[in-house]
Amino acid sequence: MPGPVLLVVAHGSRDPRHAATVHALTARVRSLRPGLRVETGFLDFNAPSVPQVLERLNAEQAEAGGGVRDVVALPLLLTRAFHAKSDIPSVLHETPARLPRLAVRQGNVLGPSPLLTATLERRLLEAGVRPGDRTSTGVVLASAGSSDPEASAVIADIAREWRHTGWCAVRPAFASASLPRTEDAVRTLRAEGVERVAVAPYVIAPGILPDRIAAGAREAGADVLAGVLGPSPELARLLLRRYDEARGSRSYGAYAAA
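The sequence shown runs contiguously to residue 293 in this note's numbering.
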């Protein structure tokens, strides 16, 4: 029997590259698990919105003998900050009253995970960092940034753990809300005598903040700028892992946060 529908909840952006990347990622998820129904909904800027997707699923359920009842809503987010704690629960909490035929569960955010670190490594390799460069290369782990101290602390923890895998140094940086900025982290590594500096964007899709990370890397003269995480096979596997965790956590209610 097919499992619950996987609803990937993305932030959305005016930048068309964002939605294109999200759809490429969900297409890879489908290819990894044929038969699983994967839908995409956006919080802002792009269509369809999360409520629109849920309304369509509810309408299908209303048809005799058709549709689905269970939905796992999975935030396409790397840290547990405002959108995961407030925006998405607020949207999903309205579901029971408006759409009584659906049982929706919110899954956990994606990070931290070794699969995300593996994607960072993949993007650095693609950008020209060779395995033998690790001991002479300092990495700036550049995230979008958040005013939530929990989210910022997670980025710092990831940088600290990643440093133990052989890099000369790994420093966190933020495109907004928190400090240091990408260019400041690059300059700090230079001042400490690091021979080669690479910037690894810890963001899923292109947009304004990833562009700000790239601009900071160029301004400070970083040697390597990796691509965003994008539709990597590791990220697609991680989405399925979070989906499986949510569907198996406990029985479905009208709405529950996993």
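Derived from the structure by calculation, the hints contain no laboratory data.
In this text, all values refer to a predicted model and were calculated from it rather than measured experimentally.
Mixed in with the good hints, there may be bad ones.
Unchecked claim - Below, computed lysine to aspartate or glutamate pairings styled on DMTMM-like, alpha-carbon distance capped at 20 Å:
# : residue 1 : residue 2
1 : 120       : 183
2 : 120       : 280
3 : 120       : 156
4 : 120       : 185
What the hints assert, rightly or not - Pair by pair, the computed Cβ-Cβ distance ranges are:
# : residue 1 : residue 2 : range
5 : 153       : 128       : 28 to 38 Å
6 : 279       : 185       : 23 to 33 Å
7 : 230       : 91        : 49 to 59 Å
8 : 256       : 284       : 44 to 54 Å
The C-beta atom is built at its ideal place from N, Cα and C for all residues, glycine as well.
- Which of the numbered hints above does this structure break? Violated hint: only 3; rest satisfied.
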